[in-house]
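In the order they appear, the protein sequences are chains V and C. Numbering of the first sequence is given in our numbering, commencing with residue 1 and proceeding in unit increments. Numbering of the second sequence is given in our numbering, commencing with residue 1001 and proceeding in unit increments.
These are computed hints drawn from the structure, not numbers from a lab. Owing to the predicted nature of the structure, the values given are computational and were not obtained by experimental measurement. The beta carbon of each residue, even a glycine, is placed where N, CA and C say it ideally should be. Keep in mind that a hint or two might mislead.
Taking beta-carbon pairs under 10 Å as the criterion, some of the chain C residues facing chain V (in silico) [said to hold, decoys possible]: (1) A1018; (2) A1019; (3) V1020; (4) L1050; (5) G1102; (6) Q1106; (7) D1108; (8) F1111; (9) Q1176; (10) L1181; (11) R1228; (12) W1270.
Residues from chain C shown here face chain V by an in silico Cβ test under 8 Å; the list is partial [unchecked claim]: (13) E1079; (14) G1094; (15) G1095; (16) V1097; (17) F1192.
Label-pair distances were calculated between CB atoms; the ranges are [what the hints assert, rightly or not]: (18) T1033/C - S92/V: 46 to 54 Å; (19) H239/V - R1249/C: 34 to 42 Å; (20) D1147/C - Q10/V: 34 to 42 Å; (21) E1158/C - L15/V: 42 to 50 Å; (22) Y96/V - S1149/C: 32 to 40 Å; (23) A228/V - S1149/C: 49 to 57 Å; (24) S1149/C - V106/V: 57 to 65 Å.
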Amino acid sequence: MKKLAVAATQILLLLMIALYWQYGSVETQLFSRPSIIIPRVVELWHGVIGLPPLWRQVSDTLQATLLGLALGIGLGFSIGVVFAEFPVIRESAAPYLNAINAVPRVAWVPVLTMMFGFGLVTKIIMSALIVFLVVFFNVLDAATHAPEHLLRNVRALGGSRWASVRDVRIWVGLGALMAALPSAVALALVGVVFAESLAAESGLGSLMFNAMHANDTRDLMISAIMLAAIGVVLAGAVHVLQSWLAMRLPQDLRGDNHE
Amino acid sequence: MTIQRLRSVEARPPEAPAAVTGYPVVLKGIGKTFLTQSGQLVKAIDNIDLEIEAGGFVVIVGPSGCGKSTLLNCIAGLEKTETGTVTVNGHQVGGRVTDDVGYMFQQDTLFPWYTVEKNIALGLRYAGKLNHAESRGRVDHLLEMADLSSVRKSYPSELSGGMRRRVALCAALAIQPRVLLMDEPFGALDTFTKASIQQYLLKFWDSLRPTVIFVTHDLEEAVTLADRVVVLSRRPAYIKEIIEVGIDRPRDVYAVKDTPEFLTDYRRTWRALGGEFDH
């Protein structure tokens, strides 16, 4: 019942926004109108001269986002838990990682473009880099401060350092990863759009950037709406993943569940 | 071997005592100094000599902060002694953890992400013996003795506090330690749960006969369990008195409290510790 009410309200809100956009006092030069945009979507979908078809732009952006996300999470998580176990490595690497973290994200695009050219690889690496940094620092912090008594127990039972990683730090890190996942997903998309707007021939970021240069509000709005749609879908997927993980790990992940 | 039910320990035939598997532990001239946060050197332990016979049950009591846990850590090889030596079965413990020693901590050390069964088998996995048929049998046997068979697939968060402690006890025993160290293991439990798990501990000790070194600040617990109660002084800790507990074994933790031996030894322990409280 509650779900139905929420869904109905959401649809109602969407309709109200669309109606106001179409018939309200909206500056058409800046925001266009649904009646102008919808035919343009159909046109773009099949491709116009000079632009790849819209479906390919959407799938290019989505593909780069997912690959960047996977790469960033994989590297950020595994390096994070290993660094947590080895303080010498962690402390030696700290200033360099802080330096990389301090460089504004957008400044990496020219560098990466020079290294990897215009296209998919640059987008993926840009996205992976941003995701890596947020995942890595979160996981590192949590796994470094894993419960001391559990680590001591591993040692008392004769476990190696690898055992500390596998039986304690990975699990504590997983909790931090779950918490960081929504922002990682959002940032993955940001990274791809950054790279596309500066250095790509296809993708929603490049569509947006081209539209800005051509003063085409229709394409600007279309790319913004498409990006928002991707964002909503990814956020939903994260939510599903989080509840799945929470079900597989029936305890609080920080390990401090005292009576 | 037949499995004894919890309350039937008394009825166990005394003519079938299990073979001692424990190793003797010898502490010689143990000393340890701490550096406090304000940069002061504090002497925690001062010259402790103690010989514990194979398969013995020794309880160490003393004022809080007197270095009892440090002493256990030195025996476990988790910390190094500064002066003096710890030998287990004639081999010196040089700050290295060995398979001979099991350790049960005060904190809830179960891994919340693993099932009961997996928690208990962790030490065996570290020893590379997880897939041995004998190891599997041992885990089953421990689960059965601790009445945990029905929750073997459960996660720690699904268990009561007393059950969790029993799992931790089984986890420490799974590697078949020659020496079992216990650092205030039942401190956080209520009286009834505590009595129940003490009975389990005695049952395990009767059948496996490791050497047990048990730290507590509960004198009732000390006298109930121990062959000998070692009373430490306040910092820097030295051995103030050793009380030989005269209660017969096997013991029923519920019944011993009524015996005259319990009352006598309990009072002696209090008297020995009494002088250590006034500052």
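Q) Is the hint on L1181/C kept, meaning its closest Cβ partner in chain V is under 10 Å away? A) Hint on L1181/C: holds, closest Cβ of chain V at ~8 Å, below 10 Å.
Q: Return holds or violated for the Cβ distance of H239/V and R1249/C against the range 34 to 42 Å.
A: violated (59 Å)
Q. Per the CB criterion, is V1020/C less than 10 Å away from chain V?
A. violated (23 Å)
Q: Take a look at whether the Cβ-Cβ distance between A228/V and S1149/C falls inside 49 to 57 Å.
A: Taking Cβ atoms as reference, A228/V and S1149/C lie about 54 Å apart, which means the hint holds.
Q. Holds or violated: is the Cβ of F1111/C closer than 10 Å to a Cβ in chain V?
A. At 6 Å from the nearest chain V Cβ, F1111/C passes the 10 Å test, so the hint holds.
Q.
Does A1019/C hold up as a contact with chain V if the rule is Cβ-Cβ below 10 Å?
A. violated (24 Å)
Q) Against chain V, with CB atoms and a cut of 8 Å, does the hint on G1095/C hold up? A) violated (11 Å)
**Q.** Interface hint for A1018/C, Cβ within 10 Å of any Cβ on chain V
**A.** At about 24 Å, which exceeds the 10 Å cut-off, the nearest Cβ of chain V leaves the hint on A1018/C violated.
Q) Once the shortest beta carbon distance from F1192/C to chain V is found, is it less than 8 Å? A) F1192/C check fails; min Cβ-Cβ to chain V is 14 Å, beyond 8 Å.
Q | Closest C-beta approach of Q1176/C to chain V relative to 10 Å, hint status | A | Interface hint status for Q1176/C: violated (12 Å vs cutoff 10 Å).
Q) That 57 to 65 Å hint for S1149/C and V106/V (C-beta), does it hold up? A) Holds - the Cβ-Cβ distance for S1149/C and V106/V, about 60 Å, lies within 57 to 65 Å.
Q) Is the hinted range of 32 to 40 Å satisfied by the C-beta distance from Y96/V to S1149/C? A) violated (52 Å)
The structure is inconsistent with the numbered hints 1, 2, 3, 4, 9, 11, 12, 13, 14, 15, 17, 18, 19, 20, 22, although it conforms to all the rest.
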